[in-house]
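Student: Listed below are the residues making up each chain.
Number of protein chains: 4
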Amino acid sequence: MNQKLPFASDYQEGAHPDILKALADINLTPHAGYGTDEISASAREKIRAACNAPRADVFFLAGGTQTNAVVISACLKPYQGVFAAESGHVSLHEAGAIEHGGHKVMTLPQKDGKLSAETLRKAFATFEQDENKEHMVMPGMVYLSQPTEYGTLYSLSELKEISRLTHAAGALLYVDGARLAYALACPSNDVSLADLAELCDAFYIGGTKCGALFGEAVVFPQPDTVPHFFTIIKQNGALLAKGFVTGLQFDTLFTDGLYERCGQHAIAAAKRIRDALTEKHYTFAIDSPTNQLFLLLDREQEARLTEAVDMSFWERPDEEHVIMRIASSWATKDEDVDALIALL
Amino acid sequence: MNQKLPFASDYQEGAHPDILKALADINLTPHAGYGTDEISASAREKIRAACNAPRADVFFLAGGTQTNAVVISACLKPYQGVFAAESGHVSLHEAGAIEHGGHKVMTLPQKDGKLSAETLRKAFATFEQDENKEHMVMPGMVYLSQPTEYGTLYSLSELKEISRLTHAAGALLYVDGARLAYALACPSNDVSLADLAELCDAFYIGGTKCGALFGEAVVFPQPDTVPHFFTIIKQNGALLAKGFVTGLQFDTLFTDGLYERCGQHAIAAAKRIRDALTEKHYTFAIDSPTNQLFLLLDREQEARLTEAVDMSFWERPDEEHVIMRIASSWATKDEDVDALIALL
Amino acid sequence: MNQKLPFASDYQEGAHPDILKALADINLTPHAGYGTDEISASAREKIRAACNAPRADVFFLAGGTQTNAVVISACLKPYQGVFAAESGHVSLHEAGAIEHGGHKVMTLPQKDGKLSAETLRKAFATFEQDENKEHMVMPGMVYLSQPTEYGTLYSLSELKEISRLTHAAGALLYVDGARLAYALACPSNDVSLADLAELCDAFYIGGTKCGALFGEAVVFPQPDTVPHFFTIIKQNGALLAKGFVTGLQFDTLFTDGLYERCGQHAIAAAKRIRDALTEKHYTFAIDSPTNQLFLLLDREQEARLTEAVDMSFWERPDEEHVIMRIASSWATKDEDVDALIALL
Amino acid sequence: MNQKLPFASDYQEGAHPDILKALADINLTPHAGYGTDEISASAREKIRAACNAPRADVFFLAGGTQTNAVVISACLKPYQGVFAAESGHVSLHEAGAIEHGGHKVMTLPQKDGKLSAETLRKAFATFEQDENKEHMVMPGMVYLSQPTEYGTLYSLSELKEISRLTHAAGALLYVDGARLAYALACPSNDVSLADLAELCDAFYIGGTKCGALFGEAVVFPQPDTVPHFFTIIKQNGALLAKGFVTGLQFDTLFTDGLYERCGQHAIAAAKRIRDALTEKHYTFAIDSPTNQLFLLLDREQEARLTEAVDMSFWERPDEEHVIMRIASSWATKDEDVDALIALL
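Protein sequences, first through last, are from chains Z, R, D and V.
Residue numbers for the first sequence follow the working numbering, beginning at 1 and rising by one.
Residue numbers for the second sequence follow the working numbering, beginning at 345 and rising by one.
Residue numbers for the third sequence follow the working numbering, beginning at 689 and rising by one.
Residue numbers for the fourth sequence follow the working numbering, beginning at 1033 and rising by one.
Any given hint might turn out to be false.
Pulled a few chain Z residues facing chain R out of the computed Cβ check, cut under 10 Å [what the hints assert, rightly or not]:
id, residue
1, Asn-27
2, Leu-28
3, Ser-91
4, Leu-92
5, Ala-95
6, Ala-97
7, Glu-149
8, Ile-233
9, Gln-235
10, Gly-237
11, Leu-240
12, Lys-271
13, Ala-308
14, Val-337
15, Ala-339
16, Ile-341
To be clear about the criterion: a stretch of chain V counts as covered by chain D if any three or more of its residues have a C-beta under 8 Å from a C-beta of chain D, and this derived list gives those stretches [stated by the list, open to error]:
id, stretch
17, 1043–1049
18, 1329–1336
Hint data in this document are derived by calculation from the structure and do not stem from the laboratory.
Beta carbons are placed, not taken as given, at the ideal position from N, Cα and C, and that holds for glycine.
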């Protein structure tokens, strides 16, 4: 077991204790299979309410790569690809899962992990004006992450502009919300679940990194965006027999504001760490307002911190420096934050 | 919540209480991601020991269709297909997941859910003798279920013969053990985990239907049967970030004989029900020794039983009869068995 | 070079001399690429006229397996499969090309190579009434061949009924016309190109076996049945740079009734052979009115004929008999027919 | 019919007249199907001799995108991708055909259409040193074009170094020779067919753009590099029934040096045009020694030339300039070259 201070990632612990308790409560009660049970129905209803999207289709899947792969391939036509930032999770870290499903990830330049509306506008225009476009991959979707892989956030006005031009180009907008709780709880965030439901064609509310044992909730704000999505989930091996286990987790997360509280806990911990780092004149590689902090460390700092703190290696920009990621989560313990700050 | 006696399937409840307890115990301890943690390592070691296969590769996936799809596509070359019984789970009930991965399921006639060695021998010979075989799908794998979808069992001698001729044809043998605990615990079974490891190229030990919340343990008895299977799992969206959650469940199931006990509980319940049915002169559609009983009911029996008992509809062979399935499980309550017997 | 009488198949020779002449005429004239040239446009227009389908989309592909694979995968949704006769070309002889594209071929029993409306009606009903249909492969298309792999023909009334019930089930009807010239020229045929255009969602007019060097003309009677089919062809590697070569062949075949004459030539040759066989009391395995004759030969007949005639082996129903196929074509020489008849 | 001077591309005409003549000669002689005929065997033998690769596997396919898609997917494991220049044909112009086969095209920066050994070395090292490499797409192949899409050439020493480091990384080297005749005939080229056979794991000798009606010859210098490639071709819909038509074209191209002569004709025409352009102080966007010339034209030049000459639009680097491509070919007429030069 790791004895260092655990700040390497936000998926190292199990589930929020309320979820384990809820599981124990219903453990020996029989439920219908494949998510057709009443608990899953309740969870879907609560998510629709939270998103102000009463007609939304909601499905529960097990993990982020699975969700991205199934949603993207289900939404795209065979001749379409998806625009994503070079740094997008689907571009880099998913072992080619999108291409395995037959679709090109068309990477675009990013800044702080974000795609700009201008970059997208140009990319759509380049395709549209290409005389040979029938020989090219048609952009059928824009993939964003909120927060991004660099912990940054799209503002509501940015998202509105991207939504507008994506739809004007006849494409769909999809938002990967693997860490969505940490966006929603961030003081500088102005994008709500209802905004996502209004602006996106599909998005997912991350559970795995935000308080659940596992599980992501896919939301299609407009019903029948993808007909027979249930069968598509099954065909992709992503349908759990005991769907009520995933349903129950989201039912618990969306009861009494638990999802918000999970987010707030991590953001508060990150703020304490960020403030201490600032005070000690550490350098941030990226100005990230959510639960991931990216530190640019010199050799001395690196040696000292990595001895006691479990962080994620990000990049080595030059021989003298390294970028390391510190992540807080719903499970971050106050005493670990104290200990980390004492070390800085 | 279902008020009828719950005999519809063996995946209606959560997990064996020992598993929930183990989860609670480690819930807030940080673990490495993607199954690289120590609990998963321990689970793999215990499974290798139980299979008498010290060099086996062991991987944990989430569900049965996923496991079948990932293992089969990883083992087959693009130009190969898989032989399966017409009644095989991969043939019928997986929404085309195998074909979605690019491979033909080549169905063969079955008897009581089983493929005979003779059927397989002929099928391999037909391919081998076809002058146009380079225009055909090459059989690259034989898919069996133990127990079968009809609750029946391959004997050790049957399995040895199938293994021998499959390997002689240059193909791989794969056994779907979604309900393997219920085969292992069956008095008439003579096939052990070590036998499977000796005779198969791949098999999986079912968790979802045998005591776990979810999860299946894939065993490749020979190491590197499929190079880079980890990446293949990831690419198929089947790699859980919190792999320790699946690892822990199998670690618990393979501690102190829990997997065996889960199987024995269901088999004992099934035996009580089978004996009572026999005594009351009910007709069995299939002679099934494991945890699934297939009853041929007339209209009167159907009306009476379906009012009080939750069973699975199987088939309507004629206007006057129906075949219904009763399934027991690790979670079957003695009082529900008593109540069912009283109704017969 | 084969010295036996050449009746093994209908794709052993090059192209009708008119096609080679037309090729030579335009050989050094520059043309636009990818089928955007004027000759291809003319060919499409002539095919639309022949099919009485003025708004049809027409595309030229290179071969039959390619055409089936591209059309079927383009028409089906990911969760759909295609109904086909057990004897259908897509079921058996295409090396799993349809499954390679991700779709299940759902085989149905056939009689003389044909699917009956009743078989299809039951198959659609079985799916529709299945409580678990969302876990199954949805039938999205019916695949027929005209003539069938056994040389038999669907009548207009049969085709109308199949079309009606396929559309009632929400599926598409697709007809493989690899040997369509030999159906159209058959005296007992009552299905015209215009009938196919009225009853099918897609069909192809075979060139490879009917007078062309290579090439098949796909007809979608309703425009935009498959949006961006051009790009789909490209993506499947099926778009020829010099599309005018395929276009020219069909332009020639559909000028001055050449396609009809190619068919009539083969049918006349087949009739002469069939009449002679009947007179000599040979046994036909199948009553086939088109250019393929299936002979049930005893050992003596087999020995005598195979020494001098190149036929196709079909099947050995028992130790004493063999079924051999004799095929005539647009290229069959009268003197070869004379020689064959003399041998009987 | 286009009345401008035809310099838009090298696939606008039919076939070298020797090929049409050869086709006419054998047109009505029956041949075995699917490339199992004697002419195809002869063509394969001639190609083996030309490549000094007596044990090579040689296959004939119909076009370039098809060849790239089939070869790349056949060579890669499911978890592997292919490195290619950003400007590579597989990256841009094939409608996602490689991704459609399930594999990521991992684009790398290019210079004049070429990948440098240093770029490749770094790209392999980045993968190898990535701690998370099991979550990434493994590079399994390097894709080059000779000549490149920009008409430039790899030197023998460059190719040797790329071959060495590709094999050191455990990957395969594949060369797209769509325009190979125009490399082989180029005075500055020092890479022979035998060099390609020694340094590559697979390459193809382009026919479509180099004198054939259609067709590309895939060469695997080591036998059984891809077992059952014949079946893979079939499964991808790329197997022509009348394989002798493709075989005959390559048999003719590799008889009496026709392939070399086709290349020389185009190179001589390109040289005349290049010299005239240089003399008239035109600006070349790329220094390309083969049959494609890339001109940077100002508005006046553009207006004047495009009125009379059919060229390919390449790019508009700024408002005042355009890059246009002039391509010569085996079919370029001397009088068209004269007329073009007179216009400059």
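Student: Run every hint past the structure and note whether it holds.
Tutor: Checked hints:
For the restraint placing Asn-27 of chain Z at the interface with chain R, the shortest Cβ-Cβ distance is roughly 4 Å, inside the 10 Å limit, so the hint holds. With a least beta-carbon distance of about 5 Å to chain R, the hint placing Leu-28 of chain Z at the interface is held under the 10 Å criterion. Interface restraint check for Ser-91 of chain Z: the shortest CB-CB distance to chain R comes to about 14 Å, outside 10 Å, so the restraint is violated. With 10 Å as the threshold, the beta carbon of Leu-92 of chain Z stays out of range of chain R, its nearest partner Cβ sitting at about 12 Å, so the hint is violated.
With 10 Å as the threshold, the beta carbon of Ala-95 of chain Z comes within range of chain R, its nearest partner Cβ sitting at about 4 Å, so the hint holds. Because the closest C-beta pair between Ala-97 of chain Z and chain R is about 5 Å apart, less than 10 Å, the hint holds. Taking 10 Å as the C-beta contact cut-off toward chain R, the hint placing Glu-149 of chain Z at the interface is violated, the least distance being around 14 Å. A hinted interface residue such as Ile-233 of chain Z counts as satisfied when its beta carbon comes closer than 10 Å to some beta carbon of chain R; here the least separation is about 9 Å, so the hint holds.
Among the interface hints, the one on Gln-235 of chain Z holds; its C-beta lies about 4 Å from the nearest C-beta in chain R, closer than the 10 Å criterion. Because the beta carbon of Gly-237 of chain Z sits about 3 Å from the nearest beta carbon in chain R, less than 10 Å, this interface hint is met. Because the smallest distance between the Cβ of Leu-240 of chain Z and any Cβ of chain R comes to about 6 Å, under 10 Å, the interface hint for this residue holds. Residue-level restraint check for Lys-271 of chain Z is violated (minimum Cβ-Cβ distance to chain R is 21 Å; threshold 10 Å).
Nearest Cβ of chain R to the Cβ of Ala-308 of chain Z: about 14 Å, over the 10 Å cut. The hint is violated. Checking Val-337 of chain Z against chain R by beta carbon gives a least distance of about 14 Å; that is not within 10 Å, so the hint is violated. The beta carbon of Ala-339 of chain Z comes no nearer than 14 Å to any beta carbon in chain R, farther than 10 Å, and the hint placing it at the interface is violated. The closest approach between the C-beta of Ile-341 of chain Z and any C-beta of chain R is roughly 18 Å, which is over the 10 Å cut-off, so the hint fails.
Figure legend: the stretch 1043–1049 of chain V, annotated as covered by chain D; annotation consistent (6 residues with Cβ-Cβ distances under 8 Å, at least 3 required). Interface restraint, the stretch 1329–1336 of chain V with chain D: violated (0 residues with C-beta to C-beta distance below 8 Å; minimum three).
Hints 3, 4, 7, 12, 13, 14, 15, 16, 18 from the earlier list are contradicted by this structure; the remaining hints agree with it.
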